[in-house]
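K.L.:
Please assemble the complex out of the two chains, which come individually in their own frames, going by the hints.
Line order of the protein sequences matches chains E and G. Each residue of the first sequence is one higher than the one before, counting from 796 in our numbering. Each residue of the second sequence is one higher than the one before, counting from 228 in our numbering.
The hints are simulated quantities; they were obtained by calculation from the structure and are not laboratory data. All C-beta atoms, glycine included, are put in the ideal place defined by N, C-alpha and C. Please note: incorrect hints may appear among the correct ones.
[What the hints assert, rightly or not] 25 Å max Cα-Cα, derived DSS-like pairs, lysine-lysine:
| # | chain 1 | residue 1 | chain 2 | residue 2 |
| --- | --- | --- | --- | --- |
| 1 | E | 1037 | E | 938 |
| 2 | E | 1037 | G | 322 |
| 3 | G | 363 | G | 322 |
| 4 | G | 363 | E | 1037 |
| 5 | G | 322 | G | 266 |
| 6 | G | 359 | E | 1037 |
| 7 | G | 546 | G | 266 |
| 8 | E | 1037 | G | 501 |
| 9 | G | 501 | G | 481 |
| 10 | G | 322 | G | 359 |
| 11 | G | 242 | G | 266 |
| 12 | G | 359 | G | 346 |
[As the list claims (entries may be wrong)] Derived coverage of chain E by chain G (criterion: at least 3 residues anywhere in the stretch with Cβ under 8 Å from a Cβ of chain G; other residues may be distant):
| # | region |
| --- | --- |
| 13 | 1007-1015 |
| 14 | 1041-1052 |
| 15 | 1115-1125 |
[Stated by the list, open to error] Under 10 Å between C-beta atoms, here's a sample of chain E residues computed to sit facing chain G:
| # | residue |
| --- | --- |
| 16 | 1024 |
| 17 | 1025 |
| 18 | 1035 |
| 19 | 1036 |
| 20 | 1037 |
| 21 | 1038 |
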Amino acid sequence: MGGISLNYLLRRLLVFFLTLWVAATLIFIIPRLAPGDPIAAMVARLSYQAGFVENADLIIEGWKERFGLNDPVYVQYLRFMTGLLGGDLGYSMARFPSTVTELVGRALPWTIGLVGVATFIFFIVGNLCGALLAWARTPRLVKVLIPMSMIFTSIPPLLAGLLLSYTFAFLLGWFPQTYSYGFGLTPGLTLEFIASVLHHGILPAMAIVIVTFGYWALGMRGMMVTIEGEDYMILAQAKGLKPFYVLYRYMIRNAILPQMTALAVSIGTLVNGVVLVEVIFNYNGMGTLIVTALREQDFGLIQGTSFILITTSALAVLIIDLSYPLIDPRISLEGR
Amino acid sequence: MTKKNESSSDRVVLKVDNLRIHYATPQGDVIAVSDISFKLYEGETLGLVGESGCGKSTTAYGILQLVQPPGYIVHGSIEVAGTEVLDLEEEELRKFRWTGLSLIPQGAMNSLNPTMRVKDQIIDVIEAHEGKQSDKEALRERIFGLFQNVGLPNRIYNMYPHELSGGMKQRVCIAMGVALHPTVVIADEATSALDVVVQRIVAQTLVKVKDEIGVSLIVIGHDMGLLAQIVDRIAVMYAGKMVEIAPVANVYAKPLHPYTQLLIESIPSIKERKPLKITEGITHDPRNPPSGCIFRLRCPFAWEHCAEVEPLPIDVEAKHEVACHLFDERFEDRRANAYATLANS
Chain E
796 MGGISLNYLL RRLLVFFLTL WVAATLIFII PRLAPGDPIA AMVARLSYQA
846 GFVENADLII EGWKERFGLN DPVYVQYLRF MTGLLGGDLG YSMARFPSTV
896 TELVGRALPW TIGLVGVATF IFFIVGNLCG ALLAWARTPR LVKVLIPMSM
946 IFTSIPPLLA GLLLSYTFAF LLGWFPQTYS YGFGLTPGLT LEFIASVLHH
996 GILPAMAIVI VTFGYWALGM RGMMVTIEGE DYMILAQAKG LKPFYVLYRY
1046 MIRNAILPQM TALAVSIGTL VNGVVLVEVI FNYNGMGTLI VTALREQDFG
1096 LIQGTSFILI TTSALAVLII DLSYPLIDPR ISLEGR
Chain G
228 MTKKNESSSD RVVLKVDNLR IHYATPQGDV IAVSDISFKL YEGETLGLVG
278 ESGCGKSTTA YGILQLVQPP GYIVHGSIEV AGTEVLDLEE EELRKFRWTG
328 LSLIPQGAMN SLNPTMRVKD QIIDVIEAHE GKQSDKEALR ERIFGLFQNV
378 GLPNRIYNMY PHELSGGMKQ RVCIAMGVAL HPTVVIADEA TSALDVVVQR
428 IVAQTLVKVK DEIGVSLIVI GHDMGLLAQI VDRIAVMYAG KMVEIAPVAN
478 VYAKPLHPYT QLLIESIPSI KERKPLKITE GITHDPRNPP SGCIFRLRCP
528 FAWEHCAEVE PLPIDVEAKH EVACHLFDER FEDRRANAYA TLANS
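With the rest of the complex left out, here is chain G (with noise of 0.2 Å):
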């Protein structure tokens, strides 16, 4: 753990600020992302959890730009080392993506184009920013480079998608994204498809070439285990909000906000087997969300004030924040209730 602090500065290399996103629907708008704001500091590994629904695919795709009808971004602001994206004309939008911000995505499903060689794939990216390339030999030596990177064989190099394994095309999707030396990644369910050996393999591999390229990256997942494994800190979702954004060590030592407390608890585990606490299913309606708090229907402790105003992110400590009022200095009766009552159960 403490590794893997040295390893994050101060300096904000994204910073969300505000990001509403919305998809249009016959029946009115569905809140996607609602008012979000959180940084991403030089070299982090920030983890995006929540369950199904949360909008933590919205946002990061909202991030990228990548937003699909009907979706679309309401407002916000998205600076990546200093250059508003929201801002951007459409050229100058297609020569920052890769080279500002890349997307690795889910490569065990079908993210690689079926009819096109694996190095054909990688050369139209660095051609698309670099111009056509003219020292075809030194191209494939940068290419094996990245290869070797994330521990792929050079026989590769000539293949189809369909001749990988689903972890080779996973590996292909990390050298992939980190080809140009983005200043972020973001890592869109980058293991869900895999087993859990490969899954670990891919993980590593991931922070791994993290660290030698000296990259940002945003990783979103719902395994919190093994998001546990690689992440500086979590930002954890709920119902398009964040409700929590944590050094990885404190949520699962002392989770703050009750959501995250809820989402802890119901991690299976291989040594007992336990009920399930949460109920399943974020259950308001996602066009007329309730008012004040998000979680207050799911929410063990809410009270009157949580329906009549909305809760603000409360820094408890550096770099953690939590939208809860339990943390408002005013209630910290309640706070001291709720914890006994969290420790019986």
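For reference, chain E alone in the conformation it holds in the complex (with noise of 0.2 Å):
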């Protein structure tokens, strides 16, 4: 029977810490590896805005101690890892004295809306039309019309972020251009600001959604097409069962195990793309944060943003992973 052991979650768990710590130790590395020095551009920044800034020696070398940088790389590597164990991200350089998990506590619960949202419809309608596409009773109409949509599959979601936010908000003005609410409003379970929330979460969410369904649309397709040449399918038929519950319970429930392990796998993919739609929008996520830090430079703030973001990938792979068994009743997760 289906059902975790000990034994595996244990195994599973330390895959899961062993990912975190590589992470962060490149994390940690190639910002490094990079040329520049991150001190001198915030100094160069401050004097390009106020025309001067005095004792500029000084205060790069003020900060520079002050942002250890100045110890050797293992002292900093180590300062950065016990951080981390205790959920301190250090501060952001450029916008010091803010602390990195302050700006990424602002930032974190947009992205992962956005692409909770953007994932949940994309999945399930590319694995509906998917499905449709490749069953016998689907009218004509709808399998003409599935592949038109698809369209924007071959476009990288920065494109398509572009297209929707000239068409939609330039154009027409359906929908606002940038943030995440509307300016003046103040985040709380209003219902004006949740209204203004899905208002300006609905294009960045369909940019990610219209490059992305197509594929899985594809995959299904191919699965359900797979399990009708299934013998358990003749078996369905001549049982007499009814045509919708062949469909969803002999069809979609076995095409759709595949998808899920598909969709663990794109999940660091995904992240990507939503980094670049978010700066499209100007939406106040990761994306944008972690683009900032890297046009400015903000070791910190790479650090950090890097750091989340690769640990929410890999807790959404974990929870799919453990999710298995409840979903596949062939797979078991006991240790052997």
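P.N.:
Here is the structure:
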């Protein structure tokens, strides 16, 4: 019988934390390999804004000391890792004295909301379209319309975002162009605020959905065609079951299993697309934050945002992994 | 043998008339089943045999209205207890299925839905035909009853197909097949993928359940030895044609059609090693069958007449038909010669 043993759970958690450790180490190393000095860049920005900064050398030196950039690399690494363990992601260099945790804390819910809703929509819509494409009883019109709706599948999310923004925000003015909620609204559980969030979220979410669901539809169609050739489909027909019941209980139920696996694998790629879409819509989520951090060479923020994105993705994969025995009775995650 | 013959009456429950099934291909239609007619009597077990590709499974799926594209039924009539199956509307056909005609597939293969519990797969067919069952306790007792019929333990009620052995899966298929007491049950190679011991047990279960419930059974298979143990009559098919239908004792004791003779000859014996007399495979192009008799290209006794006229089934005795010119009264001399040759070989 399907079930998760403690042994498996522990092994799976070990892999999860190992992933995080490798990710944290890479995140620590990579920005330091890039040319440029973050403090100098920041002071340069200040002087650009103010015209002149007095004692720039001293400021640079003082901040380097403050951020510990003068310490040997391994000391910085140890400090970084101990900080991570305590949930402390350090300070943002460009927006000192804001901490990374603070900035991420403000941005993360928006991204999780956006990705979550978009994933939910494209997974359901994509698989449903794929199932209908393969089903013998689908009306012909639907079978023609679905492939036509998939023309956006071949364009990158970035372009889809631009296209949607231009058409529905700029030309038609149906949706706001930027940000995640209307200016002047206080975040809270008010009807007005929620409506505003939904209104602002539709375009970015759609930008992700229209470029993604086609892949899922095609994958699902392929799976459905395979299932249609299975022996149990002939038996289902011979049994005189109702066609709709056969569709969801015999066909979709079996075809969806590999799709769930594919979803777990694709989460990383998905996050990539979301980052760019967020930038297009100036959506105040992790994507925008990470791009700002990169532009400002803000080590602390780059490390923090990347780490949080990786953690969230790894967590999503972990959850899907652990839920396999629930969706496929043939898989049991019992340790051997 | 005598006991078996008692169980079948003279009432016809399934009448197949002039059934023709083609498979459409870009190079023309392949004739899978070519104008076959036969009757199945109440309580009878009919074995359908022939080499691979002879159309025995297509015939069965044609009767069940399960011919998958590119196959299609060209013409014919299939009458089950007075109902013309080919005239049924879609919803009527759905309701007729499993109550009129049911299928026991090769259960050791992938015939059960891997993501549904055994009980749910039996419940779904009951509820599809008898409506939602409110009394869950009675439903469970009913399924336990079915399990008992086929010798399955109650503990598999909540199991998934992958947790069962091939023989158990086959029994689940049998239990499912008779759950609604259908008029006719068709078992398609129901014992093919099992080892000889389980094969025998499953075959006996099949016959036992059939007798208890009082259905008529068509068993498709190529294991002539096993079929001899369980069927009342055997229908021999060759390249889409039915060449002989005979009571099982006759087929083995004195096969009439030259093809049946070769088929019986080729049953391997564990006592002796004998050379195979039959060459493998149907030799002609199934899109362009030869004129006259379908078997004449491989028949040792064929003469000019066989190329000119197609042999029609000839009643040689009760419930025994053979489609061969040798059994035409006009060619009695040839028949005597043919048998003499056969006896000498």
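K.L.:
Run every hint past the structure and note whether it holds.
P.N.:
Structure-based check of all given hints:
{"no.": "1", "hint": "E:1037 / E:938", "in the structure": "holds (21 Å)"}
{"no.": "2", "hint": "E:1037 / G:322", "in the structure": "holds (9 Å)"}
{"no.": "3", "hint": "G:363 / G:322", "in the structure": "holds (22 Å)"}
{"no.": "4", "hint": "G:363 / E:1037", "in the structure": "holds (21 Å)"}
{"no.": "5", "hint": "G:322 / G:266", "in the structure": "holds (23 Å)"}
{"no.": "6", "hint": "G:359 / E:1037", "in the structure": "holds (13 Å)"}
{"no.": "7", "hint": "G:546 / G:266", "in the structure": "holds (9 Å)"}
{"no.": "8", "hint": "E:1037 / G:501", "in the structure": "violated (52 Å)"}
{"no.": "9", "hint": "G:501 / G:481", "in the structure": "holds (19 Å)"}
{"no.": "10", "hint": "G:322 / G:359", "in the structure": "holds (15 Å)"}
{"no.": "11", "hint": "G:242 / G:266", "in the structure": "holds (5 Å)"}
{"no.": "12", "hint": "G:359 / G:346", "in the structure": "holds (15 Å)"}
{"no.": "13", "hint": "1007-1015", "in the structure": "violated (count 0)"}
{"no.": "14", "hint": "1041-1052", "in the structure": "holds (count 5)"}
{"no.": "15", "hint": "1115-1125", "in the structure": "holds (count 3)"}
{"no.": "16", "hint": "1024", "in the structure": "holds (9 Å)"}
{"no.": "17", "hint": "1025", "in the structure": "holds (6 Å)"}
{"no.": "18", "hint": "1035", "in the structure": "holds (3 Å)"}
{"no.": "19", "hint": "1036", "in the structure": "holds (5 Å)"}
{"no.": "20", "hint": "1037", "in the structure": "holds (6 Å)"}
{"no.": "21", "hint": "1038", "in the structure": "holds (8 Å)"}
In terms of the numbered hints stated before, the structure departs from hints 8, 13, listed from lowest to highest.
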